[in-house]
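The residues making up each chain are set out below.
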Amino acid sequence: MAGQIAKRGEAAAGAAPLIYRTKLPVRIWHWINALAIFVMLMSGMMIFNAHPMLYWGEYGANFDVPWLVIGHRGTSGYLAVLGYEIPTTGVLGYAQGTANAFPPLVTIPSSYSLAGARQWHFLFAWVLLVSGTFFLLYALFSGHLRRDLALKREERSLAHLWHDIKDHARLRFPTGEAARAYNPLQKIAYLAVLFVLIPVVILTGCTMSPTLNAAFPWLVDMFGGRASARSIHFLCALGFALFIVVHLLAVVLAGPVNELRSIITGWYRLPQARMVKESVQ
Amino acid sequence: MSDDIIMATPSLLTRRHALIGGAGLLLAGCDRINASPAVQSVLSLGEKATHGAQRLVTDRNALAKEFSRAEMSPVFRENGNRNPGTADYNALAANGFADWALTVDGMVAHPLRISLAQMLAAPRRTQITRHDCVEGWSAIGEWSGVPLGLILRRAGLSSNAKFVVFHCADSTGGIPYYESIDLIDAFHPQTILATHMNGAPLTVGHGAPLRLRAERQLGYKQAKYVMRVEAVASLSGIHGGKGGYWEDHKGYQWFAGI
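Residue numbers (my numbering), protein chains in the order written: chain A, 1 to 281; chain B, 1 to 258.
Just chain A, with the same shape it has in the complex:
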């Protein structure tokens, strides 16, 4: 990422230089993973539609107490979480004329099909697993992880992180040389996806398998039982959805053309310093 300055970037007098910021393996993985995550989320929502309730513990079915329900009464949809009920007609529970928990617009396939959703989910689970494994190996051995993703010593202080949080809250993104590297919150978000969300979603996904549970009982025990593991699997999916929202918002705010060029071609234009003088922390 922290690459060499482009000659062509410097040629244009006054313009900020283009730098080669995102290496090919990172870009390839980003797009494969983006596709896989979207298919997994959309087919996963259809799988959830088959039994739109979540429980804690070893088991959970209709006669047990769920902590989350997406349901409907007639044509009124609702979301019930931990005893609180929120009307969600038109979004969840009842929308687009169907009584599915998640509406046709966001599911694969669009009309109710648990079997069809499972076909998509289990093919793209392999895409997620295999591409993620290759990317992790690349990140470890190329130095991408150490150089670009790991927090630098000075970034690890609470004061530094607090400063970065305030900058994000004011929508002030790094400029000039500081924009060469990912900023600390960005690094934390990427590390959380790579080392928490993806591994946990894959492991809890494996605990949905009775054959794997027989062979590796510690796996399902680690998550506190199968119903708990299913809940955690769903919470990971929610984590991915939140990450996508924040990630796309950051792209839009930081300059969508520049950010998209960087993740497609690798070339990134360092943003110019702001006119407003920054108060020194």
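Just so you know, these hints were derived from the structure itself, not from any lab.
None of the hints are false.
Here are some chain B residues the structure puts well away from chain A; computed CB gaps all over 12 Å:
# : residue
1 : Tyr89
2 : Gly106
3 : Ser115
4 : Leu116
5 : Gly199
For each label pair, taking beta carbons as the anchor points, the in silico distance ranges come out as:
#  : chain 1 : residue 1 : chain 2 : residue 2 : range
6  : B       : Gly52     : A       : Leu260    : 33 to 43 Å
7  : A       : Trp126    : B       : Ile175    : 30 to 40 Å
8  : A       : Val196    : B       : Val42     : 28 to 38 Å
9  : B       : Gly237    : A       : Gly74     : 45 to 55 Å
10 : A       : Thr89     : B       : Gly85     : 30 to 40 Å
11 : B       : Pro189    : A       : Ser157    : 56 to 66 Å
12 : A       : Phe134    : B       : Thr86     : 54 to 64 Å
13 : A       : Val196    : B       : Ser159    : 43 to 53 Å
14 : B       : Gly237    : A       : Leu260    : 54 to 64 Å
15 : A       : Leu219    : B       : Ala38     : 31 to 41 Å
These figures come from a predicted structure and were not determined experimentally.
Idealized CB from N, CA, C, for every residue including glycine.
Dock chain B against chain A, hints included.
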């Protein structure tokens, strides 16, 4: 399609309508992609990879976790067909299944007819296991019955047999329920033909008088109302050829290990 009408009438075209109409077109496109045989054959690679990988990395005799009575679900949900309701079945049920017998045939040296009394007198296994439905719910219950492997050995299973098919008394929309497993699961120590659940004879709702428990597979493999066990070399000649009611008619994966 009201969306199409709205799309075709520019004066009524609002952004909201355009969005809904566009979404409708997008969904129609997605469904067309999903229905394509080429797409379906690519998608089925996932199932093949999962089946192969699970057989590769798991111990074939690994036992599903067994629980204590205290850990059981207070109420075990009945699922699928809850009563075959045919005249034949009703007559058997009315008599406490005294006239019922399990047929064991196909690729076996000695076809068997096993009465319920013989079934109850045979060596048994009792296990408290978790039933995982393909839909996502789970329930823990106690099952007691005769190991399938014992019956298959008694019948002299042919070395050419590759699958065991379970023909059931229930049907959906006139289509009989059936299921099948491979010999790895058929001879697994926890694979039993259960006569009892939670310490009592199976109720009609749970598959009386006999149901399959294949504990490392999802719920739709746990065939209820089993009337006949058939050993075969291939599933292609049976009903729709995909090895089960759900597989033939709803596109469910034959390998129900996940």
